[in-house]
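> Now for the letters of each chain:
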Amino acid sequence: MFPLLTTLVFLPTIGALVLMVGPKGASRWIAAIFSGVTFVLSLWLYIGPLVGGSGTAGFGSIMHPAWSESIPWVHFAIGTLQLNIDYHLGADGLSIFMLILNALLSFLAIIGSWHVSNRTREYMALLLILETGVMGVFCAFDLYLFWLFWEVELIPMFLLIAIWGGQRREYAAWKFVIYTIFGSAFMLAGIILLYFSLGAQNGAYSASFSYLASHQVAGTYSIFGISIASQLLLFLLLYLGFAIKLPMIPFHTWLPDAHTEAPTAVSVLLAGVLLKMGAYGLIRICVDFAPQGARDFALPLAVLGAINIIYGAGCSLVQRDMKKLIAYSSVSHMGYVILGVAAAIGPGATNPAFREAALTGAAIQMFSHGAVTGMLFFCVGVLYEKAHLREINAFGGLMARMPRLTWIYTFAIMASLGLPGLSGFVAEYLVYTGSFANFPAQTIIAAVTMILTAGYLLWMLKRAFYGPLNPRWAHLNDANLLEMAPLVMLGVVVLFVGVYPGFLVDLLRPSLHQIIQTMGSLPVAGR
Amino acid sequence: MLTLTPLLLVFPLAGFVILGLFGRLLPRVVVSTIGCGVIFLAFLVALGNFFALGSATSAGQMVSNEQIQWNWVTAGGLQIPFGLLVDHLSAIMMLVVTGVGLLIHVYSIGYMSEERPVAFARFFSFMNLFIFMMSLLVLANTFLFLLVGWAGVGLASFLLIGFWYTRPSAVAAAQKAFVINVIGDFGLMLAIFLMVGKFNTLNYSGTIFPHNGAAFSAGEMTTTAIALLLLVAAAAKSAQLPLHVWLPDAMEGPTPVSALIHAATMVTAGVYLVARSHVIFENAPIATIVLAVMGGASAFYAATSALFQYDIKRVLAYSTMSQLGYMFMGESVGADSAAIFHLMTHAFFKALLFMAAGGVIHALHGEQDMRKMGGLRSRLPITYWSFIVGGLALAGIIPFAGFWSKDAILSAILAQAQTQQSVGLYVLWLVGLVTAFLTGLYIFRLIFTVFHGEPRARFDHVHEVGTPMTAPMVILLVLATVGGFIGTPFADAFSAYLKPATTVFQDHLGGQSFATEIAAILVALAVGLAGIALAWRRYGRQPALFTTNTNPVYLLLAHAYYLDPLFNAAIAQPVLMLGRGLNTVIERWTLDGGSLGVAHVVNWLSRSLRRTETGYARNYALAIAFGAIVIVGAYIVAMSR
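These protein sequence lines are chains A and B, in that order. So the number in my numbering is just where the residue sits in the first sequence, counting from 1, plus 14. So the number in my numbering is just where the residue sits in the second sequence, counting from 1, plus 66.
Okay, chain A solo, but in the shape it has when bound (with noise of 0.2 Å):
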């Protein structure tokens, strides 16, 4: 069989490796190519189990994923200890969506980019190299491979940020940089635990997925004398790499400070699958394979969400700086994924009808915010580009000289508050209705965020795009054809999205059915 997984995580490297010994000025349309053929292909994952005849369930779940590329890697035993690393690829809707969605935002933030001139083909070979770390979490089914690929993200990541970042880059880049791998210190050391007590305590050892998430550790860790249930400790560990990327309050200030300063696709990137990665991971990894820890940290998980949502949106009331802005609208909506997520592992004894639909939620967010966030931070760079200022106060009246582009972020605006019809609606809605039986004053909080979300947006809106125009920005052109094709491609999704979810819910159904269960499996606490 055709190693499509393979494919797709290594085909941008090798368009990278292109890129280097390639003309220096068919850079942007090697990357191009590269970036495209890896999307084209990548629909292929989503296509393939349709037409293979088993329907919406041939999506798979963690233990039967549709798609598994399996070779052995590292395996060596001293006495009873064994270390078994699989170079082990897979795919089950979960993933297939997120693999889809960095192919398609990894193209058009490729496009997005046309305008750098300042050593392109760098550029451009970091973007490709980006994407094949990213393309490698979101299809490990190994778990050192996993936390391989999540450490090769870093890299191509920091450059992009310290070389063609803002005035204030090399700060930001060394604070994503050092959060980053705070965090994945903790992860490291939770991966090693996990593997080893499951080993232990079975006698098999592997990190592969399958056996981590159909195995599950028992009993409790003892440290220095003070005893902790082991599934709690491995969810905390796990969880802390991931609640910084998310980003989690209290460990978020790496992200405003790395999207302002970031350039204009690495931005989009970052709010559209980077912070993915942590959802990913948090459901992935944290849930999957500590089903009982994650259920003990079910109510501080939903506190936190809760505090991230109004959070974020209390800080966005009173950004000047459009980036800076997006950012924390981010930090708000990224809390709807830990809202959802602990909805569905909550410790009441809810109708499992009512987690799902809050997993789905969460799920449905996490492609939702990427589209979304994308396309802001699009219209932002469009502008920026223009009038080298993100200011909010010292533009006004942008309609007059930038119809399409006003229109286009009242678009995205409308998205990202929340309208009906668009996608947003449908995860914040279901993320809501499934929490709100778990979790009802958090799900209040987030509710009345709505109101603050619609403030600050349209705030923004109305001072830089409505109004009377400032003479100053008399001479700024409406975005061109190339500025508005990842905009119009990113909006074409939003709205399918808003208007049929359908197809992302059956893609997701049968990953997260198999967590739900795993969930209902386990004792409810008599409330």
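Treat the hints as calculated values from the structure; they're not laboratory data. Wrong hints could be hidden among the right ones.
Coverage of chain B stretches by chain A, computed from C-beta distances (three or more under 8 Å per stretch; other residues unrestricted) [stated by the list, open to error]:
hint, segment
1, 229-236
2, 242-252
3, 641-648
In this text, a Cβ means the ideal position worked out from N, Cα and C, and glycines have one as well.
The hints should help you fit chain B onto chain A, whose structure is shown.
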């Protein structure tokens, strides 16, 4: 015939998409043909539905009228279908929405004729979007898609209030309207969560249609909570206290928008919502009391606030709020069909009044300040007579449309007060009467000061508006005159038609004696006439009575009780301050400062430790010796234990 119902959504949506994408390329006449044509086609379908339904008589038949069913999302065991439902309530609503909507679309051809071609197309595109969303709101058979339409009309309203996007006041008004509408969406959403938690479905057939067994238990906490949350939604959409502050500002939009969205249709969505879910309110007595208080207070508040406005459209905006208050008052005593009847007649005469106001504004080149008008009677005869008829209907003077519907509400309140021997309901009735008096006063103050007396400012080329604008006005003039005859106390065809959709409450309503009805009619008529008489005394003969006034009551009313600045100071500013506080204290000082602090500590530690790396062998040897002594010592201590 009912199978054509989806076309009610398809036509306006098609208009929106075509005009939105290609409108700029099309000539003006094509744009207006498409824009009005799609609404005309939708109106034909609505008309067909209206008559096709006539034969169905029982509530049980409503569910069989669900038109399309499509599974929107299935998440776990939770199914969220999309479907349309035509019952007698939605049929009447659709007639109003598409019928009055069509007239206003035609009117807009004239009113917006001076806009640039691009803006002209944009206007019709948004108007069609509004009709689409409103149709979705009315026709949805689940609360979820009601919410979709609910938020969608909010979007259309936002886009149209801010239509003249270069005006800062228009843009600010648009933002305000949208944000307050989101508060309503929030209420509706929470109500939805409670309902889906209780019934596991959001279909009307599984929640509010009483014959399906999913009963709301009377007085239960959840039922009351759902009803109160629905009221939050209704208050925001229908501009009732305390969520009304957006409506007067919304008059920044073009006048056809004010007529269609902020008078005839969208603002009545709250009335529709309450009528639709009357089963819930019947079982939530507390919420019903809140509803009565909200309606009565809003009716009175708005009528008094309208008394001293100078802006011709603001008077009408407060008047709309006041009339919506009447509708909610009616619903609070279970007179849903009277409320819907008033909704319909109000759509006729208020659209007429707004169109006439648009005629004045158009003739005076955009002037909206009544202090600069006066003496326009002879120069704008059609507009003048439209105002007279609309004003008489609004003031509830026999035989105009508003008389019959307002009377139906007031007599229902009186009848309920008598049946229940409730002081509160008598008070509500009195509030209704006082408001009726104020209504006659404020609307004829407007008419006399604008049309009578001498002109107070010079305007060139004051002329009556053209045919596309007068034709709809004449049609509405007729409707506002005779439209009430379908619901007279002598032969109430209207509530007979609506009966299947409102069966339950009709049974609750005690026998309404004919004598009560006649008494209520006469009293209401008398106070309405008294209001007009007072207006004539004060403004009829000396209309220039606009002296500045320092009377505190006058100031309070002229500033609409200062609620706008109060809410700004009490809610908006504190929220912003909280955001500023979060951003400074927690974000910048604590979190960012904390992480930098950690970095500084690590930096300092490593610099301190670096001093120990001297590079001298003797220092290292000393350290090794010291370490050895410590280890040996530790062993000795351990052994000797």
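> Decide, hint by hint, whether the structure agrees.
To see whether the hints hold, each was checked on the structure:
1. Taking a C-beta to C-beta cut-off of 8 Å, the segment 229-236 of chain B contributes 4 residues in contact with chain A, enough for the three needed, and the coverage statement holds.
2. Look at the segment 242-252 of chain B against chain A: 6 of its residues bring a Cβ nearer than 8 Å to a Cβ of that chain, three or more, so the hint holds.
3. Against chain A, the segment 641-648 of chain B contributes 6 residues with a C-beta closer than 8 Å to a partner C-beta. That satisfies the three-residue criterion, and the hint holds.
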